[in-house]
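Trainee: Okay, here's what each chain looks like letter by letter:
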Amino acid sequence: MGGYEQVGIQLQHRFGILALSIMLVLLVLDLMRRGWLKERYALLWLTTAGLSLLVGLFPGLIVAAANLFHFQYLTVLFSMYFVFTLGLVMSFSIVISRLTDRNRELTQELALLAHTVERLEKNIERRA
Amino acid sequence: MPRVLVIIPAYNEQETIGAVLDALHTHAPDYDVLVVDDGSRDATAAIVRARGVEVIRLPINLGIGGAMQTGYKYAWRNGYDVAVQCDADGQHPVDRIPALVERLLTGDADLVIGSRYVAQSDYTPSFYRRIGKSILSRIVDFFIGCGITDTTSGFRAINRKALDILARHYPEDYPEAEVLVILHRAGLKAIEIPVQMHARQGGASSIRWPQAVYYMAKVVLAIFIDMFRKFMRTPGEE
Numbered sequence: 001m002g003g004y005e006q007v008g009i010q011l012q013h014r015f016g017i018l019a020l021s022i023m024l025v026l027l028v029l030d031l032m033r034r035g036w037l038k039e040r041y042a043l044l045w046l047t048t049a050g051l052s053l054l055v056g057l058f059p060g061l062i063v064a065a066a067n068l069f070h071f072q073y074l075t076v077l078f079s080m081y082f083v084f085t086l087g088l089v090m091s092f093s094i095v096i097s098r099l100t101d102r103n104r105e106l107t108q109e110l111a112l113l114a115h116t117v118e119r120l121e122k123n124i125e126r127r128a
Numbered sequence: 001m002p003r004v005l006v007i008i009p010a011y012n013e014q015e016t017i018g019a020v021l022d023a024l025h026t027h028a029p030d031y032d033v034l035v036v037d038d039g040s041r042d043a044t045a046a047i048v049r050a051r052g053v054e055v056i057r058l059p060i061n062l063g064i065g066g067a068m069q070t071g072y073k074y075a076w077r078n079g080y081d082v083a084v085q086c087d088a089d090g091q092h093p094v095d096r097i098p099a100l101v102e103r104l105l106t107g108d109a110d111l112v113i114g115s116r117y118v119a120q121s122d123y124t125p126s127f128y129r130r131i132g133k134s135i136l137s138r139i140v141d142f143f144i145g146c147g148i149t150d151t152t153s154g155f156r157a158i159n160r161k162a163l164d165i166l167a168r169h170y171p172e173d174y175p176e177a178e179v180l181v182i183l184h185r186a187g188l189k190a191i192e193i194p195v196q197m198h199a200r201q202g203g204a205s206s207i208r209w210p211q212a213v214y215y216m217a218k219v220v221l222a223i224f225i226d227m228f229r230k231f232m233r234t235p236g237e238e
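Chains A and B supply the protein sequences, listed in that same order.
The first sequence stops at residue 128 when you use this note's numbering, and every number in between is there.
The second sequence stops at residue 238 when you use this note's numbering, and every number in between is there.
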C-alpha cells in the first residue's frame with residue numbers, strides 16, 4: 001500500500017490470468033458449438049474473458065490502475081472479476097424476471113384456450 | 001341488464017367450493033360464475049364441473065395473482081360489465097355480492113370493496129396477520145390517501161374500466177393492496193361497504209409468518225415502484 005510504486009506483476013500471476021482467460025474463451029466457444037449457450041449470453045462471457053486476456057497480455061494496464069488507486073494489483077484484479085460477476089448475475093436476474101412474466105402469460109393463454117376448445121367441443125356434440 | 005361475472009380463484013378447495021357455489025346459486029342466480037382452478041391436485045375442478053359451472057384450469061400453479069388475472073382476462077374478452085372476486089374457502093358472504101354489484105352500478109366508483117372492519121364480524125385474523133394488514137393499510141393510505149380501511153379484502157367488484165387495467169397489469173402475490181395503488185395511478189376510484197366475514201370453513205390458510213414477512217417486503221416494494229409507473233387504459237375502449 002502506498003509508499004512505493006508497483007512496476008510489474010509476478011510471472012505466476014500473469015500465467016494464471018492467461019490460463020484462466022484462454023480456458024474461459026475455449027469453454028464458451030465449445031458451449032456455443034454444442035448449442036448450450038445462446039449468442040446473447042456468450043457475448044457477455046466473451047467480453048469478460050477478452051478483458052481478462054488483455055490484462056494477461058498487457059499487465060502494465062493493471063499495474064497502472066493499481067498505482068492510480070493505491071491498491072495492490074491483485075486487489076484490482078479480483079475487483080475486476082467481481083464487477084464482471086455482478087454484471088452477469090444482474091443480467092440473469094433480468095432474464096429470469098422476463099421469463100417468469102412470459103411463463104405466466106403463456107400459462108393463462110393456454111388455460112383460456114383450453115376452456116374455449118372445451119366449450120366448442122360441447123357445442124359440436126350437442127349439434128350432432 | 002349489465003353482465004356480471006363472479007370469479008372464484010381456487011387452489012385445493014374441495015372441502016368448501018361446493019358450498020360456495022350452492023350459496024351463489026341461491027343468492028346471486030343472475031350472475032355468471034367462473035372458477036379458476038390454480039392447478040389443484042384435489043377434486044376442486046370435478047366438483048365445479050358436476051354443478052355445471054364454468055371452470056378454467058391452469059396447467060401450472062401461478063398463485064392467487066396469476067389465477068385472478070386469468071379470470072379478469074376471461075371477463076374482459078367476453079364483454080362482462082362487472083367482475084366480482086370471491087374466495088373459495090367460504091369466508092366471503094356470498095349473499096352480499098348483489099350489494100357490491102349494486103353499489104358499483106351507481107357509477108361513482110370503479111372498485112367496491114367488501115370491508116371487514118366497517119362492521120362487526122366473526123372474522124378474527126391471527127396476531128401477525130392483523131399487524132401485517134394494518135401496516136399495509138397504512139402504507140396504501142400514505143401513498144394514495146384513499147380512506148379504505150380494509151385494503152387486503154379479496155371480496156370486491158370492479159367495472160369494465162378497472163377490468164381493462166387489471167386484465168393487463170395484475171400483481172403476483174398479495175395482490176389486493178397493490179391493486180388499489182394501480183387503480184389509483186390509472187385515475188380510478190375505490191370505495192368500501194361493510195360486510196360480515198365468516199371464519200374459515202375448511203382447508204388451511206395459505207400463509208405462515210416467515211413467508212408473511214417476505215410477502216410484506218415484496219408488496220411494499222411493489223407499491224413504492226407503482227407510484228412511479230403509469231397504467232393506461234386501452235385506447236378506443238369506452
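Misleading hints may appear alongside valid ones.
Just a few of them, taken from the derived set where beta-carbon distance is under 7 Å, the chain A residues facing chain B [claimed, not checked]: (1) Q6; (2) G8; (3) R104; (4) H115; (5) T116.
Read the hints as simulated data drawn from the structure, not as lab findings.
Where is the CB? At the ideal position from N, CA and C, for every residue including glycine.
Trainee: For each hint, tell me whether it holds in the structure or not.
Mentor: Hint-by-hint comparison with the structure:
For Q6/A, the suggested interface contact is broken, since its CB lies about 44 Å from the closest CB of chain B, more than 7 Å. The beta carbon of G8/A is not positioned within 7 Å of any beta carbon in chain B (closest approach about 48 Å), and the interface hint is therefore violated. Among the interface hints, the one on R104/A holds; its C-beta lies about 5 Å from the nearest C-beta in chain B, closer than the 7 Å criterion. Interface restraint check: H115/A against chain B, minimum CB-CB distance 5 Å, threshold 7 Å, status holds.
Interface restraint check: T116/A against chain B, minimum CB-CB distance 10 Å, threshold 7 Å, status violated.
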